[in-house]
Amino acid sequence: MKVSAKWWLRAGVVLAFPGVLAGCATVKPWDRDLLAEGRMRFNPCPMLHSIDEHIYFSKEASMGGQDAAGGGCGCN
Amino acid sequence: MQLETPDDTPAPPQSALRERLGTAALALLLVPGAAAAADSGAKTQIDYTTLLYGEQGRAQVVEPILRATRLFSDGQLLSLQLGFDSITGASPSGALPSGRVQTQTSPSGHVTTVPAGEIPTTSFVDRRTGLDGEWQKPFGQRFTSTIGVHASTEKDYDSLGVNGKLSVDLMQHLFTVTVGAGYSDDSVSPVGGTPAGLSDGTVVTHGANAKRVSSALLGVSRVLSRRWLVGVDVTRFEENGYLTEPYKVLSLVDQVTGSPLDQVTDKRPSTRSRTSVLFSSVYHLTDDVVYGTYRYYTDSWKVRSNTLDFSYRHDLDENRYFEPHVRLYKQTAADFFTVGLVVGQPLPEFATSDYRLGPLTTFTLGATYAFHFDPVPGQLKLRVDYIRQQGDGSPANAVGVQRNFDLAPTVNTVSAVVGYSFKF
Amino acid sequence: MASPCTVLVDGDDPEEAMALVEIAAEEAWRIERKFSRYRSDNPIYEINHAAGRPVEVDAETAQLIAYATTCWELSDGLFDITSGALRRIWTFDGGTKVPTRQAIDECLPLVGWERVSWVDSTLTMPAKMEIDLGGIGKEYAVDRTAGLIAAQTACSCLVNFGGDLYAGAVRRGARTWTTGIDDPDRTGHAALYRLEIARAGLATSGDARRFVTWRGRRLGHILNPKTGWPVEDAPRSVTVVAPTCLEAGTLSTLATLQGAGARAFLEQQGVAHWIV
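Residue numbers (the working numbering), protein chains in the order written: chain G, 1 to 76; chain D, 1001 to 1424; chain A, 2001 to 2276.
Be a bit skeptical, because a hint or two may be false.
With a straight-line Cα cutoff of 30 angstroms, these simulated DSSO-like cross-link-like pairs (lysine-lysine) come out [claimed, not checked]:
hint, chain 1, residue 1, chain 2, residue 2
1, A, 2128, G, 28
2, A, 2128, A, 2097
3, D, 1381, A, 2128
Among the chain G residues that face chain D by a calculated CB cut under 8 angstroms, a handful are [claimed, not checked]:
hint, residue
4, 34
5, 55
6, 61
7, 69
8, 73
Note that these hints are calculated values from the structure, not bench results.
Keep in mind it's a predicted model, so treat the numbers as computed, not measured.
Beta carbons are placed, not taken as given, at the ideal position from N, Cα and C, and that holds for glycine.
Generate coordinates for the entire structure from the input sequences, incorporating the hints supplied.
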């Protein structure tokens, strides 16, 4: 599957999504209190997350999330 | 504008308050430089997790994992993880059910009988050991680099991989861009040799088969408001080499009765391009936090899938939280997926009846409970999940007696994860 | 530090200047990493998440807390590093939203240095209370950085972290450092006063950007920990010059906490000051 210009265009639109959604809103440093909490992360429990990735990788055809690493086992 | 030069005027008499303040300030500023820079020091965290996974009537897995992470005072992070995977049980061989009892032989020579009307399965035992390492280093205030290595080995599969990521923080950490790449070199050595694809399996080649995977990742994440963090990640994988399942077969059925008469081995293309687009959101309500992700996946085998995942985290107090979650998954079949082949018809170029490449929905419902157990230091986590997988049990191209059978019975699974982590 | 930080070096060697700036940056980041309440890997996080358990702190943190305790005593409890809990209910975004009486009543029991046990470098704080060293952290960083730089060079330097600064020794040619005090209504564009200082710290209390308008009155963001409300009749901006940036910052904050009595307070302390 060659990567076409159309693919890059779609990828670009997708990646612009968060910026478009936000416009130019900014959060002042003194308003970062909630964001500083340990649970305000995409992946607060990396070990549970990697267990899940492994389970679903072996039981489904899909792959991929937030890492360039993946697989590493003979399950799919 | 007034020009003032306070240094010229004679110093007014110090008040008692100023004297006390001055003394306190002096004491603070005279803390020796070495003591000041000694920091909070490096921290180590140990995480121990065990997964207990059981599919009803199918595979059972026990997987203990131990991870040690060290965070240095300059922000560097080093982590090492050792995991063991023990899988036993059965999985569908890919063959179709019959109106009569069938016998089948596994790759290791084990003979089993299959009751009429049931999907034939093969049993297996496998143990896998994996070692993962990660090193993270911040550069200045904006950049973070991550390098990871992975090595694993099991009876018939070895894997060696590296991956790296670079993150850039822009707009005072409100906007982060990440690029990453990975490469892994795997070696597949099926038990009993590698059978030729779409054959009766008697001709095997010995030796290892190579499988190489390169990947690239591009991600952006953005703080939208005081409560809301969103992100998008696009990942691309290119696989080359031996991508077939050596133990899976397809049934050749009679074109009228649909009875399975013969079997051929599974055969898949030797390349696969995969693309995954993941949208993530973390939103802080008044007290609780909601996590949501949506992933769209597509690959060159024509599999397309949509995944939706939600978690709701409720913190009971500083040390305890409860987090229920739900996951919905639906995939379409690969273009060379078929439940079986018909005797007499020309064999296709590629074919598989592996249910994992067929139409599939997965439903997961579960919850995590994390707590401290005084006086034991550290945190305990308990997670229980119910997973249900369902394929297409009555495909349109089922022939004859196959129409009476459920060709993709629902698989119910319960999985439990027990974890313990502590820092020192 | 949440604001632009600059280092001015009165010298001729650009390489030396760059080296000094790097030292300043490292020290500023070190202090920010260590005392920021927005991080989860420092002593402040440990203290704020100890849930009532005693926490032993290192020498530098202990001295900062000791200094904060002195300020608390000198201000009769108005300067209180535990008053950060009140920011959960206040939003100073220029709007008109103020918290309800009930919200404040629920929050006040979590404020008050008198509820904290501070003995022998060990801090024991009731659960849900938190400390915030933002009121003295920046000025402390300025003085520390100025000290580190002064030990490295014979040149006179000025360290300025977002308006809180320390001006070094008299410059070459017997010149002093010139600095201006912002017009709060035209931040960054116009100065109300121009000062010439040397070997002194300067700090300003008051923030034109963080306020709330209530019943036509402008309420600044400095809260009275006893009432839970912004200090009444607080001056828009108080600037103080003192031997160190730390003292200057503390005195300007203490003055602001006096509300209408700010000017009288500073005159009583006998310190150079400008009130807008």
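Hints versus structure:
Between residue 2128 of chain A and residue 28 of chain G the alpha-carbon distance is near 24 angstroms, which keeps this suggested pair within the 30 angstroms criterion. Restraint check: the Cα-Cα separation between residue 2128 of chain A and residue 2097 of chain A comes to about 24 angstroms, which is no more than 30 angstroms; the hinted pair holds. Distance hint between residue 1381 of chain D and residue 2128 of chain A is fulfilled; the C-alpha atoms sit about 23 angstroms from each other, no more than 30 angstroms. Because the closest C-beta pair between residue 34 of chain G and chain D is about 5 angstroms apart, less than 8 angstroms, the hint holds.
For the restraint placing residue 55 of chain G at the interface with chain D, the shortest Cβ-Cβ distance is roughly 7 angstroms, inside the 8 angstroms limit, so the hint holds. Taking 8 angstroms as the C-beta cut-off, the interface hint given for residue 61 of chain G holds, the closest approach to chain D being about 5 angstroms. The criterion of a C-beta within 8 angstroms of any C-beta in chain D is met by residue 69 of chain G, whose closest approach is roughly 4 angstroms, and the hint holds. Proximity of residue 73 of chain G to chain D holds as hinted, the smallest CB-CB distance being about 6 angstroms (cut-off 8 angstroms).
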